[in-house]
Amino acid sequence: MKWIGLVIGDWVKGLSKAVKRLFPGTRFQWCRVHKMRNVIQKV
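Each residue of the sequence shown is one higher than the one before, starting from 1 at the first, in the working numbering.
Any given hint could be a false lead.
Claimed, not checked - Pairs of lysine-lysine, PhoX-like flavour, derived with a Cα cap of 25 Å: (1) K2 to K17; (2) K2 to K20; (3) K35 to K20; (4) K42 to K2; (5) K17 to K35; (6) K35 to K13.
Just so you know, the hints here were simulated from the structure itself, not pulled from any lab data.
A quick note: this is a predicted structure, and the numbers were derived from the prediction, not measured.
Generate the whole structure from the sequences, applying the supplied hints.
Put into structure tokens, the structure is as follows:
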């Protein structure tokens, strides 16, 4: 792969750090579906 602009992932420990290390300059975003599920579970 030459370039990755955005990686979207769930809450796997260390995933965002690994993306930043392996693909410098790539943005990382947490999956909104997983985030909302986690928020709803706590309410």
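For each hint, the structure was consulted:
1. Between the alpha carbons of K2 and K17 the distance comes to roughly 19 Å, so the proposed pair stays at or under 25 Å and holds.
2. At most 25 Å may separate the alpha-carbon atoms for a hinted pair to count; K2 and K20 meet this at roughly 15 Å.
3. Pair hint K35 plus K20 holds up; C-alpha atoms about 20 Å apart against a cutoff of 25 Å.
4. Between K42 and K2, the direct Cα distance comes to roughly 40 Å. Violation of the 25 Å bound is thereby established for this hinted pair.
5. The straight-line distance between the Cα atoms of K17 and K35 is roughly 18 Å, inside the 25 Å bound, and the hint therefore holds.
6. Of the pairs offered as hints, the one joining K35 and K13 holds, with about 14 Å between alpha carbons and a cut-off of 25 Å not exceeded.
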